[in-house]
Structures are given as structure tokens and as C-alpha cells.
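Protein sequence lines, in the order shown, are assigned to chains A and B.
In terms of the numbering used here, the numbers along the first sequence are unbroken and rise by one, the last being 147.
In terms of the numbering used here, the numbers along the second sequence are unbroken and rise by one, the last being 147.
The set of hints was computed from the structure by calculation and includes no laboratory data.
This structure is a prediction, so every number in the text was calculated from the model and none was measured.
Incorrect hints may appear among the rest.
Note that identical chains are pooled: a pair holds if it fits in a single copy or bridges any two copies.
Said to hold, decoys possible - Derived EDC-like pairs: lysine to aspartate or glutamate, alpha-carbon spacing no greater than 20 Å straight-line:
| no. | residue 1 | residue 2 |
| --- | --- | --- |
| 1 | 131 | 21 |
| 2 | 84 | 139 |
| 3 | 84 | 109 |
| 4 | 146 | 134 |
| 5 | 84 | 136 |
| 6 | 146 | 52 |
| 7 | 64 | 21 |
| 8 | 131 | 52 |
| 9 | 64 | 43 |
The chain contents come next:
Protein chains: 2
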Amino acid sequence: MVRVIPSTAKHAHRDSHDLTERLRAAGLRPTRQRIALAGLLFDQGDRHLTAEDLHSEAARAGVKVSLATIYNTLHQFTESGMLKQVAVDAHRSYFDTNTGSHQHFYCEDDGALIDIPGEAIAVSGLPMPPKGMDVERVDVVVRIRKR
Amino acid sequence: MVRVIPSTAKHAHRDSHDLTERLRAAGLRPTRQRIALAGLLFDQGDRHLTAEDLHSEAARAGVKVSLATIYNTLHQFTESGMLKQVAVDAHRSYFDTNTGSHQHFYCEDDGALIDIPGEAIAVSGLPMPPKGMDVERVDVVVRIRKR
DNA sequence: CTCTTATTTAGAATGCTTCTAATCTGATTG
DNA sequence: CAATCAGATTAGAAGCATTCTAAATAAGAG
Ligand SMILES: [Mn+2]
Ligand SMILES: [Mn+2]
Ligand SMILES: [Zn+2]
Ligand SMILES: [Zn+2]
Chain A
1 MVRVIPSTAK
11 HAHRDSHDLT
21 ERLRAAGLRP
31 TRQRIALAGL
41 LFDQGDRHLT
51 AEDLHSEAAR
61 AGVKVSLATI
71 YNTLHQFTES
81 GMLKQVAVDA
91 HRSYFDTNTG
101 SHQHFYCEDD
111 GALIDIPGEA
121 IAVSGLPMPP
131 KGMDVERVDV
141 VVRIRKR
Chain B
1 MVRVIPSTAK
11 HAHRDSHDLT
21 ERLRAAGLRP
31 TRQRIALAGL
41 LFDQGDRHLT
51 AEDLHSEAAR
61 AGVKVSLATI
71 YNTLHQFTES
81 GMLKQVAVDA
91 HRSYFDTNTG
101 SHQHFYCEDD
111 GALIDIPGEA
121 IAVSGLPMPP
131 KGMDVERVDV
141 VVRIRKR
């Protein structure tokens, strides 16, 4: 039995409206699939997840989306700055909903990523990049293991 | 026409002897394949290369080694501390012959890796790792692009 | 509503890596 | 210097994440 709580319903409606605007602003048509995926991605704080993660999460939420669309969407969101891609492991490719400047703990045992606030960390002594090259960003990965 | 220069020949001999000892020390049988690959890897300074890189380099050098052996060897060398694996890109997996503590420039355009000496860089303000976890290493990747 | 074009999709294809099971080789022993 | 045997190599199959293809579908404009 499903009970609809008015305030929640209103909130959900506002969310999907916001998401629609956000997609339009990024030059992306607010399709059923993109709205649903954006909801899963951005309605619960900072997250790190793989394409497969998002795909099964969508399935669990009753949203039917093909894996091809998952990949298309993750890449489009990344291009438009709504997501950031994190490279910590040769085999897993993570997408990060926290697009601000920050760094990560990476747990080699279970593949978990934990944010380190950008203000916390400072990298000093960086040499100049080679001639004709610009620094795009500096990534710090602190690899950790269970003791 | 190939001219054999005595001192080089002697040197090559010493090398293969050294490599044999090094493999034995790592608990690895000094097989024809491992000696040849170790030669390619360690006889020309610091290098960053993929399995495919090493495979074609071996072919070019006239050493017949299967791709399976390339992978086995790279992993064994990594486990025994003769190589370090570098994760900078979800698609390419690099092995680094420089096992000392150091960091990298990563060129997003062509996938090139450039060493940054460990002494040059300092990372400050690292928070404590979560309870029960140890820091294994801290990797800094400076992502650069052609201007 | 109609039309145009973007988007989605299933399934095939790709590329890198790992696995399998058969063969071979290095090292030890008699 | 054989015989032996565990460890190493191999070709090819399998696996897995990701990308591609071409056909079907849905969004937005008029
Ligand atoms: Mn909300
Ligand atoms: Mn030498
Ligand atoms: Zn993050
Ligand atoms: Zn290096």
C-alpha cells in the first residue's frame, strides 16, 4: 500500500522541475531517462559511482534505462560539468557528483572512495608544466588499506 | 651490417647475469622470457609503459613472448617491487620502472607520463585515514593539456 | 497534429585483461 | 648426463567494461 504524503509529492515535483531546468541549461533535452538518472544522481548528496552502479540503482528504482543510455548520460553530464570523472583504478571508472575541487581516499580493499575537502589539502612544489601545456587539474589520491 | 663492439658485448653479458640474480632474489626463476623482458624494462632508465607497449617492443627486439606472459611478468614484477603500477586513466594501465617515491604529469592529449621527482612535491593537510586503515601511498597526478 | 531531429535501444563489436589446459623448460637428483 | 617434476609459457577462449550501429521512439517546433 502506497500513501502519498503531500509535502513529499510537492517536493518531488519541484525536484523534477528543477532537474528539467538544469538539463535545459546544459543544452540537453529533459527526457524521461535523463530526468530519472539526474534524480538518482543529484538528490542524495555527494556520491561516487560506476556506470554499473547507476544502472542497477535505476533498475531498483523501477526506471528502465539501457546501459548505452547510462554511458551516454554519464558522459554528457561530465561534459557539461554536472559530474566529474575520477581515475583511481585501471578497472573501475567512477563518476563523482561532487564537482567542486576536492581530493580522495581510495580504499584498495573494497574500492570505496571518500572525499577529502579541497580546503584541507595543499600541494606545494609543483614544477612548471612542459612548454605549451596548461595544468588542467591536480588530483591527489590517498591509497589506504585495512590494517 | 652489424658490428659487435667488445665492451658492449661484455656489458650485455654482465647485464643478463645481473638480471638473473635480481630475478632469483625476487623468488622468480630466471627464464629466457623474464630475462629478456627485464632487459627491455630496466636497461634504459625510467620508463612508463603499457602491456601492449612492452609486447610490441619485445617483438621489435626479436623476442618471442606471448601476451599472457607479458601480463604475468608485469604483475610478478609489480608484486616483487621491481615495478609500480600507475592509475591515471580508466582505459590505459601503465607500469613504471621508477619505483621510488615520485609523482606525475599526465598529458590528456597523448597519454604521456612525465616524472616529477618526489622531493619536489609536498602534500600537506592530509586528514587521518578512517579508523583501522593505513595509508599505503599518496599519488599526485597533474593533468595537463596542450594550450 | 505533423514533421524533424535528438534520443534511446538491443545487440553486436571492440579492446584490454584474465583464464584454461596443454606443452615446455629450468633446476634438482641419481 | 638422463630422468623427473614443479614452475613457466603458450594459444586460444572467455570475461568484462565500454563503445558502436542502425533501427525505433519521443521531444519540441511550427
Ligand atoms: Mn530535493
Ligand atoms: Mn647496463
Ligand atoms: Zn569525490
Ligand atoms: Zn614515473
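Original post:
For this structure, which hints from the list above don't hold up?
Top reply: Structure breaks hints 1, 6, 7, 8.
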